[in-house]
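Trainee: Read off the chains here:
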Amino acid sequence: MQGCCASLWKCYFEYSTPRILVIRSLKVGTLNRITQALVIAYIIGYVCVLKKGYQDTDSVLSSVTTKVKGIALTNTSDLGLRIWDVADYVIPPQEENSFFVLTNLIITLNQTQSRCPESNSSGFTCASDRDCTVGLRDTRGNGVQTGKCVNLSAHVKTCEVWAWCPLEIESEPPIPPMLGDAENFTVLIKNSIRYPKFNFNKRNILPQVNTSYLKHCVFSRITDPDCPIFRLKDMVTEANEDFQTMAVHGGVMGVQISWDCDLDMPSSWCVPKYSFRRLDNKDPENNVAPGYNFRFAKYYKNSDGQETRTLMKGYGIRFDVMVFGQAGKFNIVPTLVNVGAGLALLGLVTVVCDWIVLTCMTKKNIYMEEKYSYVDDFQLLSTEAP
Amino acid sequence: MQGCCASLWKCYFEYSTPRILVIRSLKVGTLNRITQALVIAYIIGYVCVLKKGYQDTDSVLSSVTTKVKGIALTNTSDLGLRIWDVADYVIPPQEENSFFVLTNLIITLNQTQSRCPESNSSGFTCASDRDCTVGLRDTRGNGVQTGKCVNLSAHVKTCEVWAWCPLEIESEPPIPPMLGDAENFTVLIKNSIRYPKFNFNKRNILPQVNTSYLKHCVFSRITDPDCPIFRLKDMVTEANEDFQTMAVHGGVMGVQISWDCDLDMPSSWCVPKYSFRRLDNKDPENNVAPGYNFRFAKYYKNSDGQETRTLMKGYGIRFDVMVFGQAGKFNIVPTLVNVGAGLALLGLVTVVCDWIVLTCMTKKNIYMEEKYSYVDDFQLLSTEAP
Amino acid sequence: MQGCCASLWKCYFEYSTPRILVIRSLKVGTLNRITQALVIAYIIGYVCVLKKGYQDTDSVLSSVTTKVKGIALTNTSDLGLRIWDVADYVIPPQEENSFFVLTNLIITLNQTQSRCPESNSSGFTCASDRDCTVGLRDTRGNGVQTGKCVNLSAHVKTCEVWAWCPLEIESEPPIPPMLGDAENFTVLIKNSIRYPKFNFNKRNILPQVNTSYLKHCVFSRITDPDCPIFRLKDMVTEANEDFQTMAVHGGVMGVQISWDCDLDMPSSWCVPKYSFRRLDNKDPENNVAPGYNFRFAKYYKNSDGQETRTLMKGYGIRFDVMVFGQAGKFNIVPTLVNVGAGLALLGLVTVVCDWIVLTCMTKKNIYMEEKYSYVDDFQLLSTEAP
Numbered sequence: 001m002q003g004c005c006a007s008l009w010k011c012y013f014e015y016s017t018p019r020i021l022v023i024r025s026l027k028v029g030t031l032n033r034i035t036q037a038l039v040i041a042y043i044i045g046y047v048c049v050l051k052k053g054y055q056d057t058d059s060v061l062s063s064v065t066t067k068v069k070g071i072a073l074t075n076t077s078d079l080g081l082r083i084w085d086v087a088d089y090v091i092p093p094q095e096e097n098s099f100f101v102l103t104n105l106i107i108t109l110n111q112t113q114s115r116c117p118e119s120n121s122s123g124f125t126c127a128s129d130r131d132c133t134v135g136l137r138d139t140r141g142n143g144v145q146t147g148k149c150v151n152l153s154a155h156v157k158t159c160e161v162w163a164w165c166p167l168e169i170e171s172e173p174p175i176p177p178m179l180g181d182a183e184n185f186t187v188l189i190k191n192s193i194r195y196p197k198f199n200f201n202k203r204n205i206l207p208q209v210n211t212s213y214l215k216h217c218v219f220s221r222i223t224d225p226d227c228p229i230f231r232l233k234d235m236v237t238e239a240n241e242d243f244q245t246m247a248v249h250g251g252v253m254g255v256q257i258s259w260d261c262d263l264d265m266p267s268s269w270c271v272p273k274y275s276f277r278r279l280d281n282k283d284p285e286n287n288v289a290p291g292y293n294f295r296f297a298k299y300y301k302n303s304d305g306q307e308t309r310t311l312m313k314g315y316g317i318r319f320d321v322m323v324f325g326q327a328g329k330f331n332i333v334p335t336l337v338n339v340g341a342g343l344a345l346l347g348l349v350t351v352v353c354d355w356i357v358l359t360c361m362t363k364k365n366i367y368m369e370e371k372y373s374y375v376d377d378f379q380l381l382s383t384e385a386p
Numbered sequence: 001m002q003g004c005c006a007s008l009w010k011c012y013f014e015y016s017t018p019r020i021l022v023i024r025s026l027k028v029g030t031l032n033r034i035t036q037a038l039v040i041a042y043i044i045g046y047v048c049v050l051k052k053g054y055q056d057t058d059s060v061l062s063s064v065t066t067k068v069k070g071i072a073l074t075n076t077s078d079l080g081l082r083i084w085d086v087a088d089y090v091i092p093p094q095e096e097n098s099f100f101v102l103t104n105l106i107i108t109l110n111q112t113q114s115r116c117p118e119s120n121s122s123g124f125t126c127a128s129d130r131d132c133t134v135g136l137r138d139t140r141g142n143g144v145q146t147g148k149c150v151n152l153s154a155h156v157k158t159c160e161v162w163a164w165c166p167l168e169i170e171s172e173p174p175i176p177p178m179l180g181d182a183e184n185f186t187v188l189i190k191n192s193i194r195y196p197k198f199n200f201n202k203r204n205i206l207p208q209v210n211t212s213y214l215k216h217c218v219f220s221r222i223t224d225p226d227c228p229i230f231r232l233k234d235m236v237t238e239a240n241e242d243f244q245t246m247a248v249h250g251g252v253m254g255v256q257i258s259w260d261c262d263l264d265m266p267s268s269w270c271v272p273k274y275s276f277r278r279l280d281n282k283d284p285e286n287n288v289a290p291g292y293n294f295r296f297a298k299y300y301k302n303s304d305g306q307e308t309r310t311l312m313k314g315y316g317i318r319f320d321v322m323v324f325g326q327a328g329k330f331n332i333v334p335t336l337v338n339v340g341a342g343l344a345l346l347g348l349v350t351v352v353c354d355w356i357v358l359t360c361m362t363k364k365n366i367y368m369e370e371k372y373s374y375v376d377d378f379q380l381l382s383t384e385a386p
Numbered sequence: 001m002q003g004c005c006a007s008l009w010k011c012y013f014e015y016s017t018p019r020i021l022v023i024r025s026l027k028v029g030t031l032n033r034i035t036q037a038l039v040i041a042y043i044i045g046y047v048c049v050l051k052k053g054y055q056d057t058d059s060v061l062s063s064v065t066t067k068v069k070g071i072a073l074t075n076t077s078d079l080g081l082r083i084w085d086v087a088d089y090v091i092p093p094q095e096e097n098s099f100f101v102l103t104n105l106i107i108t109l110n111q112t113q114s115r116c117p118e119s120n121s122s123g124f125t126c127a128s129d130r131d132c133t134v135g136l137r138d139t140r141g142n143g144v145q146t147g148k149c150v151n152l153s154a155h156v157k158t159c160e161v162w163a164w165c166p167l168e169i170e171s172e173p174p175i176p177p178m179l180g181d182a183e184n185f186t187v188l189i190k191n192s193i194r195y196p197k198f199n200f201n202k203r204n205i206l207p208q209v210n211t212s213y214l215k216h217c218v219f220s221r222i223t224d225p226d227c228p229i230f231r232l233k234d235m236v237t238e239a240n241e242d243f244q245t246m247a248v249h250g251g252v253m254g255v256q257i258s259w260d261c262d263l264d265m266p267s268s269w270c271v272p273k274y275s276f277r278r279l280d281n282k283d284p285e286n287n288v289a290p291g292y293n294f295r296f297a298k299y300y301k302n303s304d305g306q307e308t309r310t311l312m313k314g315y316g317i318r319f320d321v322m323v324f325g326q327a328g329k330f331n332i333v334p335t336l337v338n339v340g341a342g343l344a345l346l347g348l349v350t351v352v353c354d355w356i357v358l359t360c361m362t363k364k365n366i367y368m369e370e371k372y373s374y375v376d377d378f379q380l381l382s383t384e385a386p
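Residue numbers (UniProt numbering), protein chains in the order written: chain A, 1 to 386; chain B, 1 to 386; chain C, 1 to 386.
Incorrect hints may appear among the rest.
To be verified - So, partial list: chain B residues that the calculated Cβ filter (under 8 Å) puts toward chain A: (1) Gly70; (2) Ser192; (3) Trp355.
As the list claims (entries may be wrong) - In the BS3-like style, the derived pairs of lysine-lysine whose C-alpha atoms are separated by at most 30 Å in a straight line are: (4) B/Lys364 - B/Lys69; (5) A/Lys67 - C/Lys233; (6) C/Lys197 - C/Lys329; (7) A/Lys197 - A/Lys273; (8) B/Lys233 - A/Lys313; (9) C/Lys52 - C/Lys197; (10) C/Lys52 - C/Lys273; (11) C/Lys52 - C/Lys313; (12) B/Lys363 - A/Lys313; (13) C/Lys313 - A/Lys197; (14) B/Lys313 - C/Lys313; (15) B/Lys52 - A/Lys51; (16) B/Lys298 - C/Lys233; (17) A/Lys67 - A/Lys157; (18) B/Lys27 - A/Lys148.
Please keep in mind that the hints were generated in silico from the structure rather than gathered at the bench.
All values derive from a computational prediction rather than experimental measurement.
C-beta atoms are modelled at their ideal positions from N, C-alpha and C, and glycine is treated no differently.
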């Protein structure tokens with residue numbers, strides 16, 4: 001009992017440390033130091049400097065609001081001279097992190113719920129009523145068939161449909177785009193960010209930007225890098241696209257705002273970086289279903305209470321504002337963890353050196369003798385004999 | 001001075017390596033090799049093969065555009081025969097990563113700003129004007145009370161309100177849903193992705209898909225796995241829901257597109273995987289506030305300039321398109337890090353084996369004698385005595 | 001040949017373990033144990049308890065739908081007495097993870113496409129037609145100039161423009177806000193979440209919440225922490241803002257729902273935490289371009305088919321619902337990894353202790369003699385000589 005206690009007591013005060021063989025040699029020593037140097041270089045260079053391993057990181061929380069400005073003038077046979085302002089060409093009027101600008105459209109006026117012959121392209125040509133099925137609704141068609149076969153033109157007959165008549169004109173979007181003026185529209189992008197872990201707030205309207213400057217400035221990498229007002233054409237051009245070409249069929253643009261901040265530095269160094277790229281693919285050899293368009297309508301009631309609508313197939317550019325960012329600030333925990341990992345890595349140096357020393361060196365036998373001692377359990381002498 | 005220099009010099013060429021005791025034994029050896037095998041198996045199997053520890057990874061950037069097609073026919077007493085096309089049932093006409101399809105609705109025609117009796121259910125029944133408060137606006141009510149008490153029906157009197165009159169009919173959504181035809185609507189989902197770190201772009205309209213195919217194809221796991229056009233009913237069915245049931249009260253569907261790509265392989269192997277699930281909960285025993293609906297209105301002005309509106313309580317299915325994905329490509333840094341961690345783990349083998357060897361083995365005393373040597377600082381002999 | 005085989009055979013059964021020097025000493029032992037205690041404390045306290053290193057984690061998938069309720073009454077010279085309900089003040093009627101409530105507006109009635117003098121502030125004052133350029137469209141202006149110079153008022157002449165006339169009144173938003181009643185609006189936020197990896201689903205309408213309770217309850221930290229219906233004013237107040245002040249120029253509010261769940265605990269412990277903050281910056285000393293507003297229009301056709309519109313510059317509060325969350329559940333792999341890392345860290349204890357022992361201790365020479373043995377490669381005796 002007493003003995004047990006004592007041995008435990010002894011145990012407590014025991015400190016075990018490996019017994020070390022020190023080899024003093026030009027070759028081996030140099031090899032050792034070089035390997036150590038490499039590891040330390042890696043730790044300092046990569047872990048500390050490049051990856052900032054001594055910092056605790058947090059990712060960005062962001063809110064974006066946008067405001068487009070500009071006026072376009074169109075002059076078409078059916079609409080006549082017409083002005084388009086922001087309330088006309090931004091659809092829907094407000095979105096989260098995104099805004100759409102109408103650049104081209106196919107318009108169909110005064111549609112009413114009534115009967116009219118199916119379009120030619122839909123492939124519902126007919127000779128007599130027998131070729132048409134009452135109530136048939138087909139994804140290719142524009143309405144529900146009434147079962148009648150009527151004249152589309154002098155020579156062509158198609159099945160009659162119950163639909164919004166007259167049917168939408170099926171044609172390619174006009175070139176040049178109707179709202180080509182959109183290239184001169186400007187958009188004010190307001191972006192407020194927050195790093196919750198560090199309770200750090202900032203917005204892309206920097207302190208030095210005042211109201212008067214904001215009234216007339218336009219973003220430019222060289223002259224106005226801090227101005228949060230962007231010309232649509234400039235954004236598209238930076239993405240190596242031609243605005244007028246893109247405006248015809250529409251598309252999706254990405255406005256990337258990156259907020260990578262080192263909060264150990266003065267917070268004024270933490271500024272947004274803007275970049276622009278086209279998000280929807282448009283590679284020439286696989287240009288199936290290009291661009292971006294959707295249909296929307298304005299509904300009216302004429303004097304005798306009948307509902308009519310103006311259908312628009314709107315082509316345009318949707319700008320998705322994407323905010324990225326990571327902030328780092330010194331923190332003891334990640335520092336310790338990384339230093340620990342580094343030291344552990346230093347332990348591997350021995351593994352590497354040992355291997356070289358005990359295989360390649362001329363004096364390897366001497367080293368081995370010193371390094372290793374043996375306990376032989378079962379006699380293998382027999383096999384050791386020649 | 002000279003001596004100091006020399007010792008430093010010596011120091012530089014010193015290489016310290018632990019002195020090793022080699023035990024040659026059937027049991028111990030086998031144990032050792034087995035443990036090593038386990039660790040190596042873990043490193044190769046889990047770290048390398050499963051987790052692809054030799055790869056640098058990047059997460060996906062994506063843009064989504066959608067286009068719904070289809071026609072529905074409704075026949076109601078107040079609307080008569082009516083055609084619904086994409087401009088009618090997609091609200092709002094365009095959204096980012098999401099689209100809403102109207103499947104059922106309660107419609108209230110010709111509302112004007114005027115006076116009418118409060119609805120019965122709101123609980124503002126009254127006997128005389130004294131029971132009504134002028135200017136009272138209650139979340140349960142439909143308007144601002146005028147203070148009068150008027151006849152709702154022959155026998156019921158309720159407070160009069162200033163509101164959009166006539167008030168919305170309070171009823172459950174019709175069964176079957178008015179736009180049940182929506183199950184046959186199709187949607188083209190265009191999704192372009194990008195892995196910035198590897199400058200890799202791709203879209204879900206694969207190279208082999210051509211325009212003519214895209215005109216008629218519909219997604220199907222078996223026959224058309226590459227077709228980006230989806231039938232609404234198919235999506236809902238894959239989520240183990242019944243479309244007609246879901247259409248009554250509406251809901252939220254998730255369209256998940258996953259782009260997990262191993263960029264060490266040919267890029268043609270990187271294809272999207274589609275999956276569908278219902279996002280809003282509908283468990284029977286906690287079915288409070290089910291489905292998804294919202295109110296919207298169309299505004300008109302009648303001939304004498306007075307504003308009227310058609311109020312719609314729209315039930316429908318919102319499809320949220322969610323794009324996931326991670327790409328991996330060989331990179332030397334993560335490889336080294338993982339191999340290092342693996343070797344470090346090998347070091348732990350000794351810890352485990354030692355423990356077994358020095359506690360369980362019969363010859364443990366022999367081993368201990370050889371392994372350990374002691375420096376005794378303070379004499380504990382007394383306690384060691386029996 | 002036979003010998004080679006044998007040596008390989010021997011090799012296989014070899015087990016190498018470092019030879020250890022055990023120092024029995026009060027000081028050294030205590031030092032050793034303390035350092036070990038520290039490391040173990042770190043592993044248990046930080047890695048296991050705080051960071052739950054034994055858990056596999058998954059991040060949340062979420063879907064949000066919202067429904068606003070409430071009525072506002074405005075009384076203005078141009079609109080007269082007017083009721084605003086959800087279909088009037090929520091624009092667009094449905095969004096993903098976000099909803100906008102109109103709180104203030106500047107309204108311009110009966111705009112038509114016609115000619116009118118440019119506004120004063122735009123800076124296009126003129127003396128004669130020569131000062132005006134035909135077809136000039138300027139971002140500051142409201143239309144396309146016709147080249148005429150006309151009377152704006154008795155004394156001021158400005159260039160005539162082709163635009164939506166009459167032009168929008170340029171004024172600050174009214175104080176108090178027109179729809180100040182919005183502070184009493186309530187919103188039902190339905191949020192369903194999912195942790196795919198653990199196949200765990202939950203919604204923010206908890207099982208104990210029944211329909212009758214949901215009809216009248218309003219969220220309150222103290223009395224109704226589980227009610228998913230929020231009063232707009234309460235949300236704004238919790239973000240330390242004054243609703244009426246914010247309502248004037250509008251802004252962006254963040255509704256944060258956090259779902260941090262320990263799935264080793266009963267799932268009923270996994271409940272949402274709500275928090276509210278203002279997302280758009282409003283620091284007094286940099287209050288450039290404050291608030292949030294956008295323009296939208298309602299389009300009408302008068303009896304003779306001419307299109308007119310009502311333009312509204314809407315100020316309001318956009319509520320972005322942000323769902324965060326991470327779930328953890330016991331898993332063997334991360335457990336092993338973390339324990340391994342912990343043990344590796346224990347190895348570092350020796351490094352630290354050795355350094356202290358061999359530099360600071362009085363008996364360091366004795367220890368060194370025992371710990372180290374030397375192989376001297378090239379005789380440095382000469383330098384060793386005094």
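Trainee: Evaluate each hint against the coordinates.
Mentor: Each hint tested on the structure:
no.: 1; hint: Gly70; in the structure: holds (6 Å)
no.: 2; hint: Ser192; in the structure: holds (5 Å)
no.: 3; hint: Trp355; in the structure: violated (13 Å)
no.: 4; hint: B/Lys364 - B/Lys69; in the structure: violated (80 Å)
no.: 5; hint: A/Lys67 - C/Lys233; in the structure: holds (26 Å)
no.: 6; hint: C/Lys197 - C/Lys329; in the structure: holds (10 Å)
no.: 7; hint: A/Lys197 - A/Lys273; in the structure: holds (22 Å)
no.: 8; hint: B/Lys233 - A/Lys313; in the structure: holds (26 Å)
no.: 9; hint: C/Lys52 - C/Lys197; in the structure: holds (17 Å)
no.: 10; hint: C/Lys52 - C/Lys273; in the structure: holds (20 Å)
no.: 11; hint: C/Lys52 - C/Lys313; in the structure: violated (51 Å)
no.: 12; hint: B/Lys363 - A/Lys313; in the structure: violated (89 Å)
no.: 13; hint: C/Lys313 - A/Lys197; in the structure: violated (37 Å)
no.: 14; hint: B/Lys313 - C/Lys313; in the structure: holds (26 Å)
no.: 15; hint: B/Lys52 - A/Lys51; in the structure: holds (21 Å)
no.: 16; hint: B/Lys298 - C/Lys233; in the structure: holds (29 Å)
no.: 17; hint: A/Lys67 - A/Lys157; in the structure: violated (49 Å)
no.: 18; hint: B/Lys27 - A/Lys148; in the structure: violated (93 Å)
This entry does not satisfy hints 3, 4, 11, 12, 13, 17, 18, going by the numbered hints stated previously.
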